[in-house]
Amino acid sequence: MSSNPGDRYGNNADSYALYNYAFDLTAISNPQLTFWSQTFLADGDSGFVEISVDQGLNWEMLGNAFSGFQTTWEYKEYSFQNYTGLNDVHFRFHFISDSTQTHIGWFIDDIKFSDVIPSISGEETGDVPNNYVLFNNYPNPFNPETSIHFTVPKMSRVTLVIYDILGRKIRTLVSATKAAGSYNVTWNGKNDQSQQLASGLYFYKLQAGEFSATKKMMLLK
Numbered sequence: 067m068s069s070n071p072g073d074r075y076g077n078n079a080d081s082y083a084l085y086n087y088a089f090d091l092t093a094i095s096n097p098q099l100t101f102w103s104q105t106f107l108a109d110g111d112s113g114f115v116e117i118s119v120d121q122g123l124n125w126e127m128l129g130n131a132f133s134g135f136q137t138t139w140e141y142k143e144y145s146f147q148n149y150t151g152l153n154d155v156h157f158r159f160h161f162i163s164d165s166t167q168t169h170i171g172w173f174i175d176d177i178k179f180s181d182v183i184p185s186i187s188g189e190e191t192g193d194v195p196n197n198y199v200l201f202n203n204y205p206n207p208f209n210p211e212t213s214i215h216f217t218v219p220k221m222s223r224v225t226l227v228i229y230d231i232l233g234r235k236i237r238t239l240v241s242a243t244k245a246a247g248s249y250n251v252t253w254n255g256k257n258d259q260s261q262q263l264a265s266g267l268y269f270y271k272l273q274a275g276e277f278s279a280t281k282k283m284m285l286l287k
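Residues in the sequence shown are numbered from 67 upward in steps of one, following my numbering.
Simulated from the structure, these hints should not be mistaken for laboratory data.
Heads up, a few of these hints could be off.
Only pairs whose alpha carbons sit at most 30 Å apart, straight line, appear in this in silico DSSO-like list of lysine-lysine [what the hints assert, rightly or not]: (1) Lys-282 <-> Lys-235; (2) Lys-142 <-> Lys-178; (3) Lys-244 <-> Lys-220; (4) Lys-287 <-> Lys-235; (5) Lys-142 <-> Lys-271; (6) Lys-281 <-> Lys-235; (7) Lys-244 <-> Lys-271; (8) Lys-142 <-> Lys-256; (9) Lys-281 <-> Lys-142; (10) Lys-244 <-> Lys-282; (11) Lys-235 <-> Lys-178; (12) Lys-282 <-> Lys-256; (13) Lys-271 <-> Lys-220; (14) Lys-281 <-> Lys-220; (15) Lys-178 <-> Lys-256; (16) Lys-244 <-> Lys-256; (17) Lys-281 <-> Lys-244; (18) Lys-220 <-> Lys-142; (19) Lys-256 <-> Lys-287; (20) Lys-220 <-> Lys-287; (21) Lys-256 <-> Lys-281; (22) Lys-256 <-> Lys-271; (23) Lys-178 <-> Lys-282; (24) Lys-142 <-> Lys-287; (25) Lys-271 <-> Lys-235; (26) Lys-235 <-> Lys-256; (27) Lys-220 <-> Lys-178.
Derived DEER-like restraints, expressed as beta-carbon distance ranges [stated by the list, open to error]: (28) Ala-245 <-> Gly-151: 29 to 37 Å; (29) Asp-73 <-> Asn-153: 33 to 41 Å; (30) Gly-233 <-> Gln-261: 12 to 20 Å.
Glycine residues also receive a C-beta, built at the ideal position from the N, C-alpha and C atoms.
Go ahead and model the full structure; you've got the sequences and the hints to work with.
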């Protein structure tokens, strides 16, 4: 994010990236904003995640400011649970710079706003769904374990596999024919040989029938 995309941002910048639509949180129990972030910000320059519940008249900062240099992608997670029950919730990314040095800006990717399903136990969990869906794992980042939730609308051959950042398969969590339903699978951060894995970025891939989806997760120690 920059006041001058494609080049260094300017001095005294005051820029916004605003999601245009309001979120209705009246029927969501655990809303969560997630994204990946890199920062290349000079001293005195900052980025913020902000929320408004009054149609953008007033904005409140969530969490800590983004500043300095974070040259590798970091996964960020913000709970909106304090705002459940409200039907006009906006969020934005806000960037400001001072009058001295500049740099190339704040990079944000893979922004998602979802209702997190916190259960980490059990197998099939509810009514027959309408679509194949792979949800964000919870918690994320995690230590020592996380839950991966997915839905299957009809009987399908299902595989759920964990890969490392080099694309190597390290753990097969599911390899079976599943009836239509919703499923939670827990991963404990170990490979197929029951060895504990190092901290870092991992990927989980669901394949079911012709459906395929991959998501990121972060193991922390």
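Quickly compare the C-alpha distance for Lys-142 and Lys-287 to 30 Å and report which way the hint goes.
-> holds, 17 Å
For the range 33 to 41 Å, tell me whether the beta carbons of Asp-73 and Asn-153 fit it or not.
-> holds, 40 Å
Keeping to a limit of 30 Å between CA atoms, is the pair of Lys-281 and Lys-142 held or broken?
-> holds, 14 Å
Pair hint outcome, Lys-178 versus Lys-282 [Cα-Cα no greater than 30 Å] = With a Cα-Cα distance of about 12 Å, the restraint between Lys-178 and Lys-282 holds, given a limit of 30 Å.
Do the alpha carbons of Lys-142 and Lys-178 lie within 30 Å of each other, as the hint requires?
-> The given pair, whose Cα atoms are some 11 Å apart, holds under the 30 Å limit.
Restraint check for Lys-220 with Lys-178, where alpha carbons must lie at most 30 Å apart = Holds. Lys-220 to Lys-178 sits at ~26 Å (cutoff 30 Å).
Given the hint that Lys-281 pairs with Lys-220, test it: the Cα-Cα distance must not exceed 30 Å.
-> holds, 22 Å
Quick one, are Lys-256 and Lys-271 close enough, alpha carbons at most 30 Å?
-> Distance ~16 Å between Lys-256 and Lys-271 Cα, so the pair holds.
Is the Cα-Cα distance between Lys-282 and Lys-256 30 Å or less?
-> holds, 16 Å
Can the restraint linking Lys-256 and Lys-287 be considered satisfied, given a maximum Cα separation of 30 Å?
-> Cα-Cα ~13 Å, so holds.
Straight-line alpha-carbon gap Lys-244 to Lys-220, limit 30 Å = At roughly 8 Å apart (the allowed maximum being 30 Å), Lys-220 and Lys-244 satisfy the hint.
Take a quick look at whether Lys-281 and Lys-235 sit within 30 Å of each other, Cα to Cα.
-> Roughly 14 Å separates the two Cα atoms, so the pair holds.
Checked against the numbered hints given earlier, the structure breaks hints 18, 20 and satisfies all the rest.
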